[in-house]
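Enquirer: If you read the sequences in order, they're chains L and P.
According to the working numbering, the first sequence holds residues 3 to 119 in order.
According to the working numbering, the second sequence holds residues 5 to 122 in order.
Simulated from the structure, these hints should not be mistaken for laboratory data.
Mixed in with the good hints, there may be bad ones.
As the list claims (entries may be wrong) - Dumping the calculated DSS-like pairs for lysine-lysine here, alpha-carbon to alpha-carbon at most 30 Å:
(1) K111(L) <-> K80(L)
(2) K80(L) <-> K106(L)
(3) K57(L) <-> K80(L)
(4) K72(L) <-> K69(P)
(5) K75(L) <-> K57(L)
(6) K106(L) <-> K69(P)
(7) K11(P) <-> K72(L)
(8) K111(L) <-> K57(L)
(9) K72(L) <-> K111(L)
(10) K11(P) <-> K69(P)
(11) K57(L) <-> K72(L)
(12) K11(P) <-> K111(L)
What the hints assert, rightly or not - Which residues of chain P face chain L? A partial, calculated answer using Cβ under 7 Å:
(13) E58
(14) D68
(15) G109
To be verified - So the derived label-pair ranges between C-beta atoms look like this:
(16) S44(L) <-> V66(P): 26 to 36 Å
(17) G64(P) <-> P11(L): 41 to 51 Å
(18) E90(P) <-> N60(L): 38 to 48 Å
(19) T24(P) <-> E63(L): 16 to 26 Å
(20) P75(P) <-> A73(L): 40 to 50 Å
(21) L99(L) <-> E62(P): 19 to 29 Å
(22) F65(P) <-> T7(L): 15 to 25 Å
(23) I67(P) <-> P119(L): 44 to 54 Å
(24) E63(L) <-> L77(P): 22 to 32 Å
(25) T108(P) <-> P42(L): 14 to 24 Å
(26) T22(L) <-> S9(P): 32 to 42 Å
(27) N76(P) <-> Y56(L): 32 to 42 Å
(28) L99(L) <-> S9(P): 43 to 53 Å
Think of the CB as a built atom: it goes at the ideal place given N, C-alpha and C, for glycine as much as any other residue.
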Amino acid sequence: AQTVTQSQPEMSVQEAETVTLSCTYDTSESDYYLFWYKQPPSRQMILVIRQEAYKQQNATENRFSVNFQKAAKSFSLKISDSQLGDAAMYFCAFKRLKGNRDDKIIFGKGTRLHILP
Amino acid sequence: SAVISQKPSRDICQRGTSLTIQCQVDSQVTMMFWYRQQPGQSLTLIATANQGSEATYESGFVIDKFPISRPNLTFSTLTVSNMSPEDSSIYLCSVEDYRDKFNTGELFFGEGSRLTVL
Chain L
3 AQTVTQSQPE MSVQEAETVT LSCTYDTSES DYYLFWYKQP PSRQMILVIR QEAYKQQNAT
63 ENRFSVNFQK AAKSFSLKIS DSQLGDAAMY FCAFKRLKGN RDDKIIFGKG TRLHILP
Chain P
5 SAVISQKPSR DICQRGTSLT IQCQVDSQVT MMFWYRQQPG QSLTLIATAN QGSEATYESG
65 FVIDKFPISR PNLTFSTLTV SNMSPEDSSI YLCSVEDYRD KFNTGELFFG EGSRLTVL
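Just need the whole structure built from these sequences, with the hints factored in.
Expert: Okay, here's the thing in structure tokens:
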């Protein structure tokens, strides 16, 4: 069974600084997706960034980038130039790429990120 | 992308009552997912709702407690029955993203329904 572990329940970063959120996962699969989702307080959960396991290049979306280490089963999220709007709960998630209809996304427990003005 | 509307956005309910949450999607989708998020916790999948068939429930969730309807490809309801304070949670509806009939793996979420049971 797949598991996703986020070892940092909470983190704080000064506005305009860089912060890295950690995520490790366990799977015997070779083809899968990894995701970072953002859930702002009382607002909708949205996708921040997505990585296909077969791609060696790390995904990047503006100020958000990942460090994907497949052998180490590590998938960290780096947020550069942190902004007040980045304050949210961040969930790391895993999904098999070629599964059957019973496949579902597995979420980590989340990391609450505080941005200090 | 898909736009998902959920109603109600929040409600305060009395113990022993039932509440139905509605989820409307702006496009036709095969599967709709219902999640529960207890305060400060991660998301737990309750069930997967396919149009025209019975919902598939995850371990720990039963149809009598969480009946689901899926009358068409854009709408679903989740009922939380005989509520107790332990049911106080955010309930989220979500759908998968398809681009050119390819499942990207991404989920789109509604804004959630925050239920407080007294």
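Enquirer: Against the structure shown, which of the earlier numbered hints fail to hold, in ascending order?
Expert: 4, 7, 13, 14, 17, 19, 28
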